[in-house]
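Visitor: Next come the chains, spelled out residue by residue.
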Amino acid sequence: EPEVTQTPSHQVTQMGQEVILRCVPISNHLYFYWYRQILGQKVEFLVSFYNNEISEKSEIFDDQFSVERPDGSNFTLKIRSTKLEDSAMYFCASSPGSGTSGSRTGELFFGEGSRLTVL
Amino acid sequence: AQTVTQSQPEMSVQEAETVTLSCTYDTSENNYYLFWYKQPPSRQMILVIRQEAYKQQNATENRFSVNFQKAAKSFSLKISDSQLGDTAMYFCASVPQAAGNKLTFGGGTRVLVKP
Chain A
1 EPEVTQTPSH
11 QVTQMGQEVI
21 LRCVPISNHL
31 YFYWYRQILG
41 QKVEFLVSFY
51 NNEISEKSEI
61 FDDQFSVERP
71 DGSNFTLKIR
81 STKLEDSAMY
91 FCASSPGSGT
101 SGSRTGELFF
111 GEGSRLTVL
Chain B
120 AQTVTQSQPE
130 MSVQEAETVT
140 LSCTYDTSEN
150 NYYLFWYKQP
160 PSRQMILVIR
170 QEAYKQQNAT
180 ENRFSVNFQK
190 AAKSFSLKIS
200 DSQLGDTAMY
210 FCASVPQAAG
220 NKLTFGGGTR
230 VLVKP
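In the order they appear, the protein sequences are chains A and B.
Going letter by letter, the first sequence gives residues 1 to 119 in the working numbering.
Going letter by letter, the second sequence gives residues 120 to 234 in the working numbering.
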């Protein structure tokens with residue numbers, strides 16, 4: 001069964017460093033997402049991406065964050081200058097549709113997550 | 120804005136028994152969807168069950184069923200005949216119909232199924 005894969009599973013970085021988290025979504029999916037979960041807090045939406053552009057982003061997703069689909073298979077999240085509060089589990093997800101209508105609304109396919117620790 | 124609350128951080132259940140997980144939510148939307156996602160240890164989150172708010176009938180997927188009380192804004196998950204593989208973190212989530220797949224999650228309930 002197709003899966004969303006994420007690398008690395010765990011990354012430790014120094015504050016101020018750039019980090020790139022990588023995801024390979026399910027191949028025939030068109031919509032891509034990043035969610036994150038700070039330890040002890042809820043999973044929260046960061047950004048959605050479709051047709052090579054951001055379709056929606058949350059308040060968390062400030063100028064330090066960017067997303068890219070560089071080669072048609074990978075979907076990356078870049079944090080330009082990491083802060084201590086960026087330490088979290090980052091989940092990539094994909095879906096076949098946008099979710100605005102139909103039977104697939106809310107059916108996201110998640111990866112296992114990438115744990116980012118900022119020291 | 121939507122909020123989702125899961126009041127039980129952890130629950131345990133004996134194998135073959137039934138366990139019910141609570142979830143309450145708040146929304147000003149008329150049309151929305153509710154979900155339960157399951158995340159086994161070190162595995163991906165997967166969708167267990169979904170409910171359209173406009174449907175009165177409670178959703179069922181094999182051993183998983185929900186009790187959707189729209190007026191009370193309650194959406195509990197019942198796991199019947201619990202199996203060891205049901206051990207996982209369970210997240211309740213919601214999304215307005217017009218919000219695509221921008222889900223709002225609850226804090227999660229850790230379920231441990233004991234042999």
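Take the hints with a grain of salt, since some may be wrong.
Label-pair distances were calculated between CB atoms; the ranges are [claimed, not checked]: (1) A/Q17 <-> B/K233: 20 to 26 Å; (2) B/K233 <-> A/N28: 38 to 44 Å; (3) B/S161 <-> A/T13: 46 to 52 Å; (4) A/Q14 <-> B/G204: 38 to 44 Å; (5) A/S73 <-> B/E136: 40 to 46 Å; (6) A/G40 <-> B/N186: 23 to 29 Å; (7) B/Q188 <-> A/S66: 38 to 44 Å; (8) A/P2 <-> B/K174: 39 to 45 Å; (9) A/L119 <-> B/N149: 27 to 33 Å; (10) A/P2 <-> B/S126: 46 to 52 Å.
Distance condition first, Cα-Cα at most 20 Å in a straight line; then the derived SDA-like pairs of lysine to any residue [stated by the list, open to error]: (11) A/K57 <-> B/Q216; (12) A/K57 <-> B/M208; (13) A/K42 <-> B/S199; (14) A/K42 <-> B/Q127; (15) A/K42 <-> B/E136; (16) A/K42 <-> B/M130; (17) A/K42 <-> B/Y144; (18) A/K42 <-> B/S141; (19) A/K42 <-> B/M208; (20) A/K42 <-> B/L166.
Bear in mind the hints are in silico, worked out from the structure with no lab data behind them.
The C-beta atom is built at its ideal place from N, Cα and C for all residues, glycine as well.
Visitor: The structure should be examined with respect to each hint, and the outcome stated for every one.
Guide: Consistency of the hints with the structure:
1. A/Q17 <-> B/K233: 20 to 26 Å: Violated, since A/Q17 and B/K233 (Cβ atoms, about 43 Å apart) do not stay within the stated range.
2. B/K233 <-> A/N28: 38 to 44 Å: Holds: the Cβ-Cβ distance is about 40 Å, inside 38 to 44 Å.
3. B/S161 <-> A/T13: 46 to 52 Å: violated, 22 Å
4. A/Q14 <-> B/G204: 38 to 44 Å: At roughly 40 Å between Cβ atoms, B/G204 and A/Q14 fall inside 38 to 44 Å, so the hint holds.
5. A/S73 <-> B/E136: 40 to 46 Å: holds, 44 Å
6. A/G40 <-> B/N186: 23 to 29 Å: holds, 28 Å
7. B/Q188 <-> A/S66: 38 to 44 Å: holds, 42 Å
8. A/P2 <-> B/K174: 39 to 45 Å: violated, 29 Å
9. A/L119 <-> B/N149: 27 to 33 Å: violated, 47 Å
10. A/P2 <-> B/S126: 46 to 52 Å: For B/S126 against A/P2, whose Cβ atoms are near 35 Å apart, the range 46 to 52 Å is violated.
11. A/K57 <-> B/Q216: holds, 17 Å
12. A/K57 <-> B/M208: Since the Cα atoms of A/K57 and B/M208 sit roughly 26 Å apart, the hinted pair is violated (cutoff 20 Å).
13. A/K42 <-> B/S199: Violated: A/K42 and B/S199 sit about 26 Å apart, past 20 Å.
14. A/K42 <-> B/Q127: Measuring from Cα to Cα gives roughly 14 Å; hence the hint holds.
15. A/K42 <-> B/E136: violated, 28 Å
16. A/K42 <-> B/M130: holds, 18 Å
17. A/K42 <-> B/Y144: At roughly 14 Å apart (the allowed maximum being 20 Å), B/Y144 and A/K42 satisfy the hint.
18. A/K42 <-> B/S141: holds, 16 Å
19. A/K42 <-> B/M208: holds, 12 Å
20. A/K42 <-> B/L166: Judged against 20 Å, a Cα distance of about 17 Å means the pair holds.
Comparing the model with each numbered hint stated earlier shows that hints 1, 3, 8, 9, 10, 12, 13, 15 do not hold.
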